[in-house]
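Peer 1: Sequence lines, in order, name chains E and V.
Oh and the first sequence: position 141 is 140 in numbering that gives the first Met the number 0, straight run, nothing missing.
Oh and the second sequence: position 477 is 476 in numbering that gives the first Met the number 0, straight run, nothing missing.
FYI, nobody ran anything at the bench for these hints, they're computed from the structure.
Computed from a predicted structure; not experimentally measured.
Cβ coordinates follow ideal geometry from the N, Cα and C atoms, glycine included.
Don't take every hint at face value.
[Said to hold, decoys possible] In silico BS3-like pairs for lysine-lysine, Cα to Cα no more than 30 Å straight-line:
1) Lys287(E) x Lys268(E)
2) Lys112(V) x Lys209(E)
3) Lys197(V) x Lys209(E)
4) Lys209(E) x Lys338(V)
5) Lys91(E) x Lys338(V)
[As the list claims (entries may be wrong)] Non-contacting residues of chain V with respect to chain E, defined by C-beta distances greater than 12 Å in every case (computed):
6) Glu344
7) Pro463
8) His464
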Amino acid sequence: MAKIAYYPGCSGQSTSVEYDLSTRAVCRELGLELVDLEDWSCCGSTPAHTVNHVLSAALSARNLALTEQLGMDLVTTPCPSCLSNLRTAAHKMEDADFRAKANALLDTPCTKQVTAQSVLQVIMEQVDPELIRAKVVKPLTGLKLACYYGCIMNRPPALMQFDNHEHPMVMDNLMTMLGAEVVPYPLKVECCGASFGVPRVDIVTKLAGKLLDAGRELDVDAFVTACPLCQMNLDMRQGQINSALQEKFRIPVFYYTQLLGYALGIDRKELGLKKLCVNPKPVFNKLKETAQAS
Amino acid sequence: MRIGVFICHCGSNIAGTVDCESVVEIAAGFPEVVYATDSMYTCSEPGQEGIITAIHEHNLDGVVVASCSPRMHEPTFRRAVERAGLNRYMFEMANIREHVSWIGKDKAHNTNKAADLVLMAVEKLRRNRPLVAKSFTTVKKVLVIGGGVAGIQAALDCADGGLDVVMVEREQSIGGKMAKLDKTFPTIDCSSCVLGPKMVDIAQHEKISLYACSEVESVSGYVGNFSVTIRRKATYVDWTTCTGCGLCTEKCPSKRSPDPFNEFLGTTTAINIPFPQAIPKKAAINPDTCMKLQKGKCGICAKVCPVGCIDYEQQDELVTVEVGAIVVATGYDLFDWHKYPQYGEGRYPDVITSLQYERLLSASGPTGGHIKRPSDGKEPKNVVFIQCVGSRDRSVDRPYCSGFCCMYTAKQAILTKDHIPDSQSFVFYMDIRAPGKGYDEFTRRAMEEYGAQYVRGRVAMIYPHGDQLIVRGADTLAGTQVEVPADLVVLATGVEASQGAVKLGETLRVVPDQFGFFVESHPKLKPVETNTAGVYLAGACQGPKDIPTSVGQGSAAAAKALGLLSKEQLESDPAVSKVNVNRCVGCQKCIDTCPFGAIKAVTDRMGRLKAEVIETVCQGCGICTVTCPQGAIQLEHFTDNQILAEVNALCPPKMNNVSFE
Numbered sequence: 000m001a002k003i004a005y006y007p008g009c010s011g012q013s014t015s016v017e018y019d020l021s022t023r024a025v026c027r028e029l030g031l032e033l034v035d036l037e038d039w040s041c042c043g044s045t046p047a048h049t050v051n052h053v054l055s056a057a058l059s060a061r062n063l064a065l066t067e068q069l070g071m072d073l074v075t076t077p078c079p080s081c082l083s084n085l086r087t088a089a090h091k092m093e094d095a096d097f098r099a100k101a102n103a104l105l106d107t108p109c110t111k112q113v114t115a116q117s118v119l120q121v122i123m124e125q126v127d128p129e130l131i132r133a134k135v136v137k138p139l140t141g142l143k144l145a146c147y148y149g150c151i152m153n154r155p156p157a158l159m160q161f162d163n164h165e166h167p168m169v170m171d172n173l174m175t176m177l178g179a180e181v182v183p184y185p186l187k188v189e190c191c192g193a194s195f196g197v198p199r200v201d202i203v204t205k206l207a208g209k210l211l212d213a214g215r216e217l218d219v220d221a222f223v224t225a226c227p228l229c230q231m232n233l234d235m236r237q238g239q240i241n242s243a244l245q246e247k248f249r250i251p252v253f254y255y256t257q258l259l260g261y262a263l264g265i266d267r268k269e270l271g272l273k274k275l276c277v278n279p280k281p282v283f284n285k286l287k288e289t290a291q292a293s
Numbered sequence: 000m001r002i003g004v005f006i007c008h009c010g011s012n013i014a015g016t017v018d019c020e021s022v023v024e025i026a027a028g029f030p031e032v033v034y035a036t037d038s039m040y041t042c043s044e045p046g047q048e049g050i051i052t053a054i055h056e057h058n059l060d061g062v063v064v065a066s067c068s069p070r071m072h073e074p075t076f077r078r079a080v081e082r083a084g085l086n087r088y089m090f091e092m093a094n095i096r097e098h099v100s101w102i103g104k105d106k107a108h109n110t111n112k113a114a115d116l117v118l119m120a121v122e123k124l125r126r127n128r129p130l131v132a133k134s135f136t137t138v139k140k141v142l143v144i145g146g147g148v149a150g151i152q153a154a155l156d157c158a159d160g161g162l163d164v165v166m167v168e169r170e171q172s173i174g175g176k177m178a179k180l181d182k183t184f185p186t187i188d189c190s191s192c193v194l195g196p197k198m199v200d201i202a203q204h205e206k207i208s209l210y211a212c213s214e215v216e217s218v219s220g221y222v223g224n225f226s227v228t229i230r231r232k233a234t235y236v237d238w239t240t241c242t243g244c245g246l247c248t249e250k251c252p253s254k255r256s257p258d259p260f261n262e263f264l265g266t267t268t269a270i271n272i273p274f275p276q277a278i279p280k281k282a283a284i285n286p287d288t289c290m291k292l293q294k295g296k297c298g299i300c301a302k303v304c305p306v307g308c309i310d311y312e313q314q315d316e317l318v319t320v321e322v323g324a325i326v327v328a329t330g331y332d333l334f335d336w337h338k339y340p341q342y343g344e345g346r347y348p349d350v351i352t353s354l355q356y357e358r359l360l361s362a363s364g365p366t367g368g369h370i371k372r373p374s375d376g377k378e379p380k381n382v383v384f385i386q387c388v389g390s391r392d393r394s395v396d397r398p399y400c401s402g403f404c405c406m407y408t409a410k411q412a413i414l415t416k417d418h419i420p421d422s423q424s425f426v427f428y429m430d431i432r433a434p435g436k437g438y439d440e441f442t443r444r445a446m447e448e449y450g451a452q453y454v455r456g457r458v459a460m461i462y463p464h465g466d467q468l469i470v471r472g473a474d475t476l477a478g479t480q481v482e483v484p485a486d487l488v489v490l491a492t493g494v495e496a497s498q499g500a501v502k503l504g505e506t507l508r509v510v511p512d513q514f515g516f517f518v519e520s521h522p523k524l525k526p527v528e529t530n531t532a533g534v535y536l537a538g539a540c541q542g543p544k545d546i547p548t549s550v551g552q553g554s555a556a557a558a559k560a561l562g563l564l565s566k567e568q569l570e571s572d573p574a575v576s577k578v579n580v581n582r583c584v585g586c587q588k589c590i591d592t593c594p595f596g597a598i599k600a601v602t603d604r605m606g607r608l609k610a611e612v613i614e615t616v617c618q619g620c621g622i623c624t625v626t627c628p629q630g631a632i633q634l635e636h637f638t639d640n641q642i643l644a645e646v647n648a649l650c651p652p653k654m655n656n657v658s659f660e
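Bound conformation, chain E alone (with noise of 0.2 Å):
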């Protein structure tokens, strides 16, 4: 079994449980084995970077750092902004007076080239496509899914190196070997209006409302996800988005774990289902009768 140092993240802990979760599950079901960082912290996410490049950048490092003390160089974690997070902090500690700075506001400093990677890319690239396949007990058979990845997972591309930074294709293709049928969605790496649910949540309904109704318009039966602020804009904030631009939309929006988890047979609880605001429910009806009618 494949050993990865693992990263959750704030978000893995408590808005986006069940992507924590569902990722858990699948990783096992995989044989990739995550390790969790003990006593990781935040990765300073949107706040940190706007006030202090070196603050940041130190956030991130030590948990770099804790990777390094496991004595692994690859760390992974399934959200993009803590990836981005990661990524950045990695590439600004290779000039050695950066590095100086940084390390000054660490206990232990991080000294060796540790790699972030998302957990989506690691499936994509340890695990034999082969394996996923042949795992699959329960097809997606019948199910049209737009796969929407977000403005920050590929990009910028120099920092991100994976996948096309305009036109992503991974769940794409994730979704496709599992049996689903996927859109060509037009809006993958639009912006959903990310933090702004906070303090302009008009912003968010508007740009959220968009990528809803482009998914509406191919006539998906849901959203697949891979940001937990993505997945939380379209899905918890649907009400709202309704209530602002007098619309009924009724589109699941998952994460691509749970999904995946589904396929491979993976028990529904420990897929955190249940956490979802819009219910899942029509989906797997869906699923079931296709089945039975196969």
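Since chain E is already given, all that's left is putting chain V on it; use the hints.
Peer 2: Same frame as chain E, now just chain V:
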């Protein structure tokens, strides 16, 4: 020897950072220098007269001028010393401008270095000897490579001037990019109406022979006497008998052949004539899609052809022609816009290139001149033009401006309104570049009379919405983001060097720049010449150019070829390699190494093998002289002794008892 040294100020170009008077004083003490002076502009008429007077008054038999690069004025000064009665090779030049004054600011160091360079020139001159050029006859025939508008103009001008012309065109018809255009700016005159007659002239001119579907395979020889091998690609049609009746194209059942002339907007038949005005108007078979050639079944074209000119067994053919000069007019290619992921990478059929749009506008195009968008054939109402797609963008390694896209975009916006009166055009631009005659007025007309909305900013994203495309970009003048719903998006794809340019350049010994455009001999004063004598450039192969400029260059290149071949005989440069037969052991290493095939093996009276230089072919590169294990070949005017004398002048040997003489 009595040497005179002339130090040029070049106004303040040299005198600004070199103490010319001091250089004169130092030079006066150099060996065999009997006269040294300085002048403001040595290349000017009084400057040259000064040299001539000094030669007479001081009885000089060698002259050194320290001024600019020999590439600039060596011919000027050689003529001057010749007028005074000296052999032109009894002259040396020290470059104290490009090599000294322009690149260094420290006056003391510069002055020292200038004096050193003058000493080198003096030491070389002391070992120079008079050389006499040989003359040779020329072939009064010109090869024009490329049958676009630049090549057509060059060919017609050469032929009208009395030279025989061979035109080689890679495609099935001449006409180039211009033949694909609907109308031309800024006069909106019909492109094929202006170009068509010139194409017919090419076909009918008794002095022009046209090789279409052909490529230059190799070139050997030298100015005045090139030998060119042309590959005539198999067309599977005997063009000597084909009448261009088109019966075969009507009956051909393989109708899904790609149509490059229509920029792949539609399909064509496997045997086809690309367009009604094609020259030569001959059919050719696309072997990739012909059922007879692919599967051995069909043969309908052979059955219907009234003159029996179909030949499925035809092979490529190599033809050799002798020419005196070569005009390169290979044109350009369009930038591959798929490198921009934000424009959809080809996922949206209604995002097309500007040249594809020309084919939609053209009456001979796939839609018969009605603007119908590719996805569903609907007439678009909102047309969005995006400029600078592959121009002025370092991120895709295209930092240069393609020059004419601003103009054709304005033209296309005007024509859109003409075709569809209730349409609206939007143009995303960076800056409007319209410096030609009547050009800026033209772009203003597009905006003011034809109501095209110009938005200054780049497009960040195109995405589908219903049956439209949403074009999102910045409006940098308003400082906002804009989203325009479009029925059709036209990309003003930039110009890049023709795909085969680098390979052809190697064949012709013409250097491409970092983007693949051929480098002219001098950016201002020799715009159509190359550094290979007898090879000239015309049109966009040298850099992006619009039609008037390409035509102008075509004529300019023709004038150069006519001027060159108007002389009955040309003089060869006597600075060529010479074999010392006493030292030559006949190993023939020089023959293998010579890139010009200028050395041949001969046997002397005793039957011994010796190398012999063909003086008119030798280019004086000197590779043979360093190859020869016996030191038996010396390059005249650049002998080992002359070069060592220059080195010794710069770094005098320390051991007194060693002589390099």
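Peer 1: Next, verify each hint and record whether it holds.
Peer 2: A quick look at each hint next to the structure:
In summary, the hint linking Lys287(E) to Lys268(E) is supported, as the alpha carbons are separated by about 18 Å, within the 30 Å threshold. Straight-line distance between C-alpha atoms of Lys112(V) and Lys209(E) comes to about 71 Å, which puts the hinted pair past the 30 Å bound. Restraint check: the Cα-Cα separation between Lys197(V) and Lys209(E) comes to about 55 Å, which exceeds 30 Å; the hinted pair is violated. For the suggested pair Lys209(E) and Lys338(V), the alpha carbons sit about 27 Å apart, so the restraint of at most 30 Å is met.
Distance hint between Lys91(E) and Lys338(V) is fulfilled; the C-alpha atoms sit about 29 Å from each other, no more than 30 Å. The Cβ of Glu344(V) sits about 6 Å from the closest Cβ of chain E, inside the 12 Å cut-off, so the non-interface label is violated. Not every CB of chain E lies more than 12 Å from the CB of Pro463(V), the least distance being 5 Å, so the non-interface label is violated. With 12 Å as the threshold on Cβ separation, the claim that His464(V) sits away from chain E is violated: the shortest Cβ distance comes to roughly 7 Å.
Going down the numbered hints, you'll see the structure goes against 2, 3, 6, 7, 8, while the others check out.
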